[in-house]
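Trainee: So the protein sequences, as listed, match chains A and B.
Just so we're aligned, residue 1 is where the first sequence starts under full-length UniProt numbering, counting upward by one.
Just so we're aligned, residue 1 is where the second sequence starts under full-length UniProt numbering, counting upward by one.
Hints are not guaranteed to be accurate.
Stated by the list, open to error - Here are the computed distance ranges between Cβ atoms for each label pair:
#	chain 1	residue 1	chain 2	residue 2	range
1	B	Arg107	A	Ala88	40 to 46 angstroms
2	A	Gly13	B	Gly146	48 to 54 angstroms
3	A	Phe129	B	Gly146	43 to 49 angstroms
Keep in mind the hints are simulated off the structure, nothing from the lab.
Just so you know, even glycine gets a beta-carbon here, dropped at the ideal spot from N, CA and C.
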Amino acid sequence: MARRLRREWLPLGLFLALALVPVLAPLGPQSFILSLMTRIVVVALAALSLDLLIGKGGLVSFGHAACLGIGAYAVGILSAEGVTDGGAHLAVAIAAAAFFALATGAVAMRTDGVHFIMITLAFGQMLYFLATALSAYGGDDGITLPGRSTVLGRDVLASDTVLYLAALGALLAAYLLLRRIAASRFGRVLEGARDNPVRMEAIGFRPFRFRLAAYLISAMIAAVAGVLLANQTGFVSPATMAWQRSGELIFIVVLGGLGSLHGAILGAIAFILAEELLSHWSEHWRIVFGPLLILAVLFARGGLAGLLTKGARP
Amino acid sequence: MTALLRVEGLSKSYGALRVTDGLSLSVEPGELHAVIGPNGAGKTTLIHQISGMTPPDAGRILFAGEDVTGRSMAGRALAGLARSFQITSILPRFSALQNVALAVQARSGSSFRFLSPVDGEAALTGPARDLLARFGLAERAEMPAGALSHGEKRQLELAIALATAPKLLLLDEPLAGTSHAESARIVEILRGLTGSVAILLVEHDMEAVFALADRVSVLVYGRVIATGAPEAIRSNPEVRAAYLGEEAA
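All chains should be built: construct the whole structure from the sequences, respecting the hints.
Mentor: Written out as structure tokens, the structure is:
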């Protein structure tokens with residue numbers, strides 16, 4: 001038990017700290033803190049889903065923001081059409097992301113390495129340009145939501161605290177689910193195919209099917225993050241699925257520590273807090289931010305999670 | 001008795017170089033059939049084609065009565081065709097036990113199971129531990145496979161191949177780079193398999209080949225120049241000129 005605690009202190013501590021946010025937020029500028037932290041949790045959820053692909057599957061998807069965008073647009077388009085029910089938003093978002101993942105994954109999973117990166121980027125950009133062309137829903141400018149998603153006809157998510165807790169609940173559920181998946185038969189095959197696909201075929205596994213399933217799971221989770229993101233910003237635009245967003249997500253996963261799952265959460269916290277702090281400090285914050293990120297990747301092998309748990313390996 | 005594996009008129013060229021040149025051979029059930037030949041004779045390319053890693057240009061591969069020429073490597077593995085690689089191919093980050101258990105998993109039920117922990121499946125780890133013990137690797141079970149010695153990795157790779165419960169094992173120089181004690185152990189294990197599992201063995205260690213093989217085929221420039229019992233091969237003048245003579249010189 002003590003050993004287990006020593007090994008798991010980082011994810012436990014992370015979720016404990018995140019759970020304390022609503023309690024501590026009233027001590028400062030409450031709505032600012034809650035909105036910032038909700039953004040962090042939502043981005044962490046998207047990064048977590050990407051870690052299943054990159055960290056566990058070795059599949060560097062450069063189009064992951066597209067799934068985030070699908071979730072956000074599910075809220076935007078349905079709300080604009082008068083459907084405000086959050087359940088409907090989630091269902092449509094997940095179904096649309098699943099369809100997108102199967103259609104593009106069936107092609108993308110036949111490639112590997114740089115080609116896989118490029119083809120996922122291309123699919124992501126296709127969706128981006130499709131969104132800019134949706135003139136009925138704001139086109140380039142996007143759409144402002146009339147309000148947040150409702151739950152059983154009630155607008156409980158109108159409270160920032162409730163929205164934050166909903167996002168945190170989704171993050172915790174996804175984290176626990178992905179941990180189980182990683183330790184399952186399926187997860188073992190996915191990791192084996194990452195390390196040595198030829199060996200896997202030689203013992204009778206076809207990596208394609210397992211990778212496609214991981215892509216599907218990952219896309220559906222990212223779509224949930226997209227639904228939450230739209231609710232947090234109150235606004236949906238093509239910028240959500242721009243390739244720069246996909247790049248940020250990859251960066252967060254690498255920064256936090258590939259394949260550890262909780263590393264993606266840590267990476268999201270570090271990335272967004274650093275961005276927030278530096279942008280208050282100077283308008284040229286990117287000049288500092290860039291080198292900081294490079295240093296972090298160069299010197300923290302295993303990411304921030306690896307840095308913090310050094311020596312605590314079982 | 002019908003052959004377990006029958007290769008008919010197999011050909012493969014890389015540019016102008018004919019690596020496999022109308023090659024035919026067969027492996028009977030339970031037989032250990034060794035393939036020897038000088039470097040560049042096309043032995044590894046032959047294993048690649050039989051296992052499904054490299055498609056042949058022409059010819060047929062029949063396994064257990066079925067034409068598997070067009071089948072994927074994974075499909076052939078599930079049909080009972082396992083292989084080892086000349087350059088050790090394992091999963092270095094997985095423990096030795098996980099490496100073998102994964103191969104057991106390939107033939108026992110669906111791997112599209114997402115929620116129950118695989119390390120807790122006794123049906124996978126039990127047979128995997130037995131296999132590791134057979135290779136003297138029981139104490140290494142929990143070690144990352146990448147941290148094993150070279151010889152231990154060779155043995156682990158054999159354990160992985162056996163864990164798929166194959167009908168035919170394709171072994172590409174399993175003794176390469178192993179210590180004397182390790183290769184003695186591997187030879188002993190291969191001897192224990194004869195009769196139950198058929199083996200197509202590519203090997204440079206002539207002592208082991210002649211001690212183990214039921215039949216030997218000699219491959220030169222992508223063709224089989226002779227097939228027969230070890231004694232007949234040893235005294236075949238054509239073989240001596242093409243291959244064994246080289247070693248003596």
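Trainee: For each hint, tell me whether it holds in the structure or not.
Mentor: Checked hints:
no., hint, verdict
1, B:Arg107 with A:Ala88: 40 to 46 angstroms, "holds, 44 angstroms"
2, A:Gly13 with B:Gly146: 48 to 54 angstroms, "violated, 30 angstroms"
3, A:Phe129 with B:Gly146: 43 to 49 angstroms, "holds, 44 angstroms"
In the structure shown, a violation is registered for the earlier hint numbered 2 alone.
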